[in-house]
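Peer 1: Listed below are the residues making up each chain.
Protein chains: 2
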Amino acid sequence: MWTVKVVGLGLVALSLSLEVLVWVVRRRRPKNILNEVLFFPSEITCTEAIFTPSLHSCLCTLPHGVETSFSRLLCHILSTSSSLDLCVFAFSNMDLCRAVLALHNRGVVVRILTDKDYAAITGSQIGVLRKAGICVRCGVKTVYMHHKFVVIDGRLLINGSLNWTVTAVQSNMENVLITEVPKLVQPFIKEFHRLWEQSDPSAYLRSAFHYFYSNFTFYLLLIITVCPCSFVICLPLRSGNVLTC
Amino acid sequence: MWTVKVVGLGLVALSLSLEVLVWVVRRRRPKNILNEVLFFPSEITCTEAIFTPSLHSCLCTLPHGVETSFSRLLCHILSTSSSLDLCVFAFSNMDLCRAVLALHNRGVVVRILTDKDYAAITGSQIGVLRKAGICVRCGVKTVYMHHKFVVIDGRLLINGSLNWTVTAVQSNMENVLITEVPKLVQPFIKEFHRLWEQSDPSAYLRSAFHYFYSNFTFYLLLIITVCPCSFVICLPLRSGNVLTC
Numbered sequence: 001m002w003t004v005k006v007v008g009l010g011l012v013a014l015s016l017s018l019e020v021l022v023w024v025v026r027r028r029r030p031k032n033i034l035n036e037v038l039f040f041p042s043e044i045t046c047t048e049a050i051f052t053p054s055l056h057s058c059l060c061t062l063p064h065g066v067e068t069s070f071s072r073l074l075c076h077i078l079s080t081s082s083s084l085d086l087c088v089f090a091f092s093n094m095d096l097c098r099a100v101l102a103l104h105n106r107g108v109v110v111r112i113l114t115d116k117d118y119a120a121i122t123g124s125q126i127g128v129l130r131k132a133g134i135c136v137r138c139g140v141k142t143v144y145m146h147h148k149f150v151v152i153d154g155r156l157l158i159n160g161s162l163n164w165t166v167t168a169v170q171s172n173m174e175n176v177l178i179t180e181v182p183k184l185v186q187p188f189i190k191e192f193h194r195l196w197e198q199s200d201p202s203a204y205l206r207s208a209f210h211y212f213y214s215n216f217t218f219y220l221l222l223i224i225t226v227c228p229c230s231f232v233i234c235l236p237l238r239s240g241n242v243l244t245c
Numbered sequence: 001m002w003t004v005k006v007v008g009l010g011l012v013a014l015s016l017s018l019e020v021l022v023w024v025v026r027r028r029r030p031k032n033i034l035n036e037v038l039f040f041p042s043e044i045t046c047t048e049a050i051f052t053p054s055l056h057s058c059l060c061t062l063p064h065g066v067e068t069s070f071s072r073l074l075c076h077i078l079s080t081s082s083s084l085d086l087c088v089f090a091f092s093n094m095d096l097c098r099a100v101l102a103l104h105n106r107g108v109v110v111r112i113l114t115d116k117d118y119a120a121i122t123g124s125q126i127g128v129l130r131k132a133g134i135c136v137r138c139g140v141k142t143v144y145m146h147h148k149f150v151v152i153d154g155r156l157l158i159n160g161s162l163n164w165t166v167t168a169v170q171s172n173m174e175n176v177l178i179t180e181v182p183k184l185v186q187p188f189i190k191e192f193h194r195l196w197e198q199s200d201p202s203a204y205l206r207s208a209f210h211y212f213y214s215n216f217t218f219y220l221l222l223i224i225t226v227c228p229c230s231f232v233i234c235l236p237l238r239s240g241n242v243l244t245c
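Protein chains in written order, with UniProt numbering: chain A, 1 to 245; chain B, 1 to 245.
Excised from the complex, chain A in its bound form (with noise of 0.2 angstroms):
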């Protein structure tokens, strides 16, 4: 009886052991974290497919059903769900446009930091995004915000060299790098917040008026000093006994 106790116990003792091993073993699997690279100029193919999957054919010329680097970075725009906080310099492709008013209609919030100078270029799409109630701010600053980053979900973050137009997808030499590495993620999460509550108009709109409220009587005194001033020195002049330049 004692042996058969035993030799229950040290059964136990070992299948226990495995259970924590499976478990343990389980927990400290890497998770599937995307990362992806894709590189530019890519193929001009047809995108119809992949805005209507429902799409049976399509009668246009380019080639069909061929997946290349926009392809794929159209696919993951369009998986958003909930946010899309898009930073880009220059926006003028059409085909992205689409993507993100595509969004916007399903109820995805977007918002977009672009900036100033660009968005008012020929071509560019901001206007569009704009009209169709997407909330767009440009920087304040007088330099370039030249980031071309996007994050989606608060969880992936699309980056690189590539600007939001026809020549960076079809010409340029570019680069775009997708990773769902939280320790990536999170710092442009948070340079996000950062620069859309800097370009907050009614935030920048409030600084100037107490700028100017706060040096009121620095300009109160300067037209009380001023105003006299000048009107004495003009006087004699104006009587022509001096004439300077």
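To be clear, the hints were calculated from the coordinates, so they are not data collected in a lab.
Incorrect hints may have been included.
When chains are identical, the list treats them as one kind, so a pair holds in a single copy or across two.
[What the hints assert, rightly or not] Here are the computed lysine-lysine pairs in the DSSO-like style, where the Cα-Cα straight-line distance is at most 27 angstroms:
1) 183 - 31
2) 31 - 190
3) 190 - 141
4) 5 - 141
5) 131 - 116
Owing to the predicted nature of the structure, the values given are computational and were not obtained by experimental measurement.
Since the structure of chain A is already known, use the hints to place chain B on it.
Peer 2: Showing chain B alone in chain A's frame:
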């Protein structure tokens, strides 16, 4: 005696399981993979101490001993021990040029790929690097070589929106992503190799010669056909019978 054997066996099984458990945990522990993000513009500080760590004091008026995004970037570049593969659109920053020259003088294999138009603009440091004996190649195509990435020692990737210019470092809103994640680094190594081979001057001279040589018969036939024809056409015009524009 039987009981002692069973208990002993149970204990051995238990300790073996624990050993395996510890081994598995250690093996599956994620290695310390570097992942870092830097944002610009960076504060302008003195970089002398980074280049000459033995320097005790610097008399310049810039702030000293301050860690900035730019000083971090410089430190990563200067940490190179064997190879630096740089693929950058614009390179005019003198501090970064000094860092690359320091690496070259230290025996690091430096290869630079850059845009052919931007390599020739005023202030570009490409000429300085070429004169120092660093191997620089320019894109052969008419499109922009718009990348801004570096691969250090075939293990560390530096990528982002930052061109290697003073404006980008000190004024613009930019980002730099630094990672050792192999799935992100490896594609850039391959792409650099591909672009490097593509930009080999001897390769495209050979290809141009091959193109001309393969079309030699065509050009010869063209000359043989066109010359007598033009002679036949021009003769009556010369003799003044017909005058056409």
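Peer 1: Is it within, between, both, or neither for residue 131 and residue 116, if the alpha carbons may be no more than 27 angstroms apart?
Peer 2: Close inside one copy (16 angstroms), not across copies (39 angstroms); limit 27 angstroms.
Peer 1: Checking residue 190 and residue 141: alpha-carbon separation at most 27 angstroms within a copy, between copies, both or neither?
Peer 2: within (19 angstroms within a copy, 38 angstroms between copies)
Peer 1: Since the copies are identical, ignore which copy is meant and state whether residue 5 and residue 141 lie within 27 angstroms (CA to CA) inside a copy, between copies, both or neither.
Peer 2: Cα proximity of residue 5 and residue 141: none, with 79 angstroms in one copy and 80 angstroms across.
Peer 1: Between copies, within a copy, both or neither: which fits residue 183 and residue 31 at Cα up to 27 angstroms?
Peer 2: For residue 183 and residue 31, both the intra-copy (15 angstroms) and inter-copy (14 angstroms) Cα distances are at most 27 angstroms.
Peer 1: At most 27 angstroms between alpha carbons: which applies to residue 31 and residue 190, within, between, both or neither?
Peer 2: both (24 angstroms within a copy, 26 angstroms between copies)
Hint 4 from the list above is the single one not met by this structure.
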